[in-house]
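Colleague: Chain P: place on chain D using the hints.
Chains as they are written, first to last, in numbering that gives the first Met the number 0: chain D, 0 to 378; chain P, 0 to 378.
Keep in mind that a hint or two might mislead.
If chains are identical, the list can't say which one is meant, so a pair holds when it fits in one copy or spans any two.
Here are the simulated lysine-lysine pairs, DSBU-like style, with alpha carbons at most 35 Å apart [as the list claims (entries may be wrong)]:
id : residue 1 : residue 2
1  : Lys207    : Lys220
2  : Lys364    : Lys30
3  : Lys15     : Lys207
4  : Lys15     : Lys184
5  : Lys364    : Lys15
6  : Lys123    : Lys20
Please keep in mind that the hints were generated in silico from the structure rather than gathered at the bench.
2 protein chains.
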Amino acid sequence: MENFTLYNPTKLFFGKDVAEKLGKTVRPLGKKALFIYGEGSIKKTGIYDQVTRQLNSAGIDFVEYPGIRPNPIIEDVDAAAELGRKENIDFIIAVGGGSVIDSAKFISIAIPYGGPVWDLVTDKVKPTRNIPIVAVLTLAATGTEMNRFAVVQNNITREKLGYGNPLLYPRYSFLDPQYTITVPKNYTAYGIADLIAHCFEAFFGKGKASLSDRFVYAIIKEAMEYGPALLNDLRDLELRSGIMYVATNALNNLTLYGRVSGDWGAHSIGHVLSVLYNVPHGASLSIVYPAWLKLQRNRIPERIAELGQNLFNVTRVDETIAETEAFFTVIGCPSRLSDIGISPNQKQTIFRTMVDNEVNGNNHKLSHDDYRELIDLFM
Amino acid sequence: MENFTLYNPTKLFFGKDVAEKLGKTVRPLGKKALFIYGEGSIKKTGIYDQVTRQLNSAGIDFVEYPGIRPNPIIEDVDAAAELGRKENIDFIIAVGGGSVIDSAKFISIAIPYGGPVWDLVTDKVKPTRNIPIVAVLTLAATGTEMNRFAVVQNNITREKLGYGNPLLYPRYSFLDPQYTITVPKNYTAYGIADLIAHCFEAFFGKGKASLSDRFVYAIIKEAMEYGPALLNDLRDLELRSGIMYVATNALNNLTLYGRVSGDWGAHSIGHVLSVLYNVPHGASLSIVYPAWLKLQRNRIPERIAELGQNLFNVTRVDETIAETEAFFTVIGCPSRLSDIGISPNQKQTIFRTMVDNEVNGNNHKLSHDDYRELIDLFM
Chain D
0 MENFTLYNPT KLFFGKDVAE KLGKTVRPLG KKALFIYGEG SIKKTGIYDQ
50 VTRQLNSAGI DFVEYPGIRP NPIIEDVDAA AELGRKENID FIIAVGGGSV
100 IDSAKFISIA IPYGGPVWDL VTDKVKPTRN IPIVAVLTLA ATGTEMNRFA
150 VVQNNITREK LGYGNPLLYP RYSFLDPQYT ITVPKNYTAY GIADLIAHCF
200 EAFFGKGKAS LSDRFVYAII KEAMEYGPAL LNDLRDLELR SGIMYVATNA
250 LNNLTLYGRV SGDWGAHSIG HVLSVLYNVP HGASLSIVYP AWLKLQRNRI
300 PERIAELGQN LFNVTRVDET IAETEAFFTV IGCPSRLSDI GISPNQKQTI
350 FRTMVDNEVN GNNHKLSHDD YRELIDLFM
Chain P
0 MENFTLYNPT KLFFGKDVAE KLGKTVRPLG KKALFIYGEG SIKKTGIYDQ
50 VTRQLNSAGI DFVEYPGIRP NPIIEDVDAA AELGRKENID FIIAVGGGSV
100 IDSAKFISIA IPYGGPVWDL VTDKVKPTRN IPIVAVLTLA ATGTEMNRFA
150 VVQNNITREK LGYGNPLLYP RYSFLDPQYT ITVPKNYTAY GIADLIAHCF
200 EAFFGKGKAS LSDRFVYAII KEAMEYGPAL LNDLRDLELR SGIMYVATNA
250 LNNLTLYGRV SGDWGAHSIG HVLSVLYNVP HGASLSIVYP AWLKLQRNRI
300 PERIAELGQN LFNVTRVDET IAETEAFFTV IGCPSRLSDI GISPNQKQTI
350 FRTMVDNEVN GNNHKLSHDD YRELIDLFM
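Same shape as in the complex, but just chain D:
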């Protein structure tokens, strides 16, 4: 087990109607907020009204930046940061899924920096300050509500990069499972694939951390039990609660303590598919992960079998991989690029983008030959 610091500064309010505490909670953060959200579904569901009522009742002025796009993109971040600077805001309220909250994270460090966010994402400049973030989550998936990670896409360079910094922890996160009730079946399933992939990334990371492994099993088993049940009954609040809470735990550090690092190879390849074909993040992972496991089957057979033993009570590597792929299929996630209509003539484009994005992984390093093999496996 490696040395580590166990600390997570996000204060997370979980459950029915927790947003009723929002106004009172955020009042000490200042007088003016930047309120960002996505394509406006929060207006139909009533979440917009609830949040603005809370802000008004707390006497907080706010400027809105609506229309944050999925697979968050730097144009949105830079424009929202510019607005926030101009309006001299004290904190950010982000209402939405991973894309909105990740955008808030970049805006939070881009505002004090003053230049283009890409400088920060590419480590050209190290951020030193941030603006507090208040997250109101409407999609159970990425875990961004309680971690220091974010991703952002640059459509010019065709890169989608992950970024981590302790400045990115939200100050407060409000998780009301009622807000996820209207998430459609496919995106509910993609969220489940995403959270399971996060666990895999931790499990196949570097360093032995026995209890963290057990937390991985706990989280995946919970998702595999609650997931299919929820997909059969999308309006069940208890099932929505279960999936929402488990998604947070899949990437709030719990599975990582005691390891040197996770292995983000498969995740980065998923980003390549998103940047090229606008594949939803979770769907990109249900496509890549089975292929990644097949690539590794002769390299780390014991480790894959350990996973299979604990998740599926199977002992053979191939059974573990088959069970994993079968689960993604059961919940309606694609497991091949062809399932979502991408033609094999894209292989070279995918390969080149993988090379440009250096999707090498941290622990189990991927070579260019591996890239080709992976593409063949998931095509």
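Modeller: Same frame as chain D, but now just chain P:
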């Protein structure tokens, strides 16, 4: 699942030589510390020297209150608080196991209060302020290093009471498994019994919380795997690390989120045995818990069987109880009061003290008839 707030303000440094960060970390807390510890074994092991070196290098003045007694007692707390007030200290450094750190927690709220700590423990007075606590842990057991709970004993009233308040979270905790290497076999085992009991208390608490149940299984299975291995090789640092980390997780809220409450009935009965016969806390729990399970066998058979299924892969209630008791025996913990030389003629004394301490439990309420049955079961 119940609504909850997920937040733990303790920053925990885990691993080899983490105390080397102590001076730098605590410097912002002030110029003068109250340094409390137990019977002085930290002088033999070199921990005392390391901590004082850190304080000196950070330019921090300190007054010492040594000799904190096990099963922390109010006389020590009141006397140390008096010293802290007189010396106008800025923060407390507690080096030791649960008793020392729990004492620090009470001192932390007793200093600003100014009166006897028993007023706070018995809820006569509500604390409003605290002095920051820095914990350096030397025993893996209670989890106090990362929670808001503490216990203290009043030898006059023969009460040992648990107390919880968010003011009690340590600000920083330093967990170096090397510091636990010299813990003798019996106290190592008692620590393991204690952490498993904490998981039971959560598991048998009120409210359905599926993921928290899975974390319970993860933690107990880790303890049941690492525990016996460690007891065979007390100097193995990796095993010491595993047990130290799992003990923290057994009572740092992780197993409680989503529940209404834990059930502290068996724990409170353990306190009665400690206050009467000075039984080490963990040993009191290995005595009480199998009896508590037997008492509940016909009342909550499904719940006990669920535990057995997940821990031991057994399906029957009696097998679950037998496996639990067998584990305590394997690690050398007593499972009957007679094992530690307490005579059956003490039954009435124990009963009366249980009545006085109102050891009723939170979820599965215990009647006076239950007290008698329990005493017969663990005698």
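Colleague: Now tell me, hint by hint, if it's right for this structure.
Modeller: Going down the list of hints, with the structure as the test:
1. Taking CA atoms no more than 35 Å apart as the test, Lys207 paired with Lys220 passes in both settings, with 21 Å inside one copy and 17 Å between copies.
2. Proximity of Lys364 and Lys30 under a CA criterion of 35 Å is satisfied in neither setting, with 48 Å inside one chain copy and 49 Å between copies.
3. For the identical chains of this complex, Lys15 and Lys207 are inter-copy neighbours only, at 15 Å across copies versus 38 Å inside a copy, given an alpha-carbon limit of 35 Å.
4. When the C-alpha separation of Lys15 and Lys184 is checked against a cutoff of 35 Å, the pair qualifies only within one copy, where the shortest distance is 21 Å, while the shortest distance between copies is 47 Å.
5. Within a single copy, Lys364 and Lys15 get their C-alpha atoms only as close as 43 Å, which misses the 35 Å cut-off; across copies the closest is 28 Å, which meets it.
6. Taking the shortest Cα distances, Lys123 and Lys20 sit within 35 Å of each other only across copies (29 Å), while inside one copy they are farther apart (39 Å).
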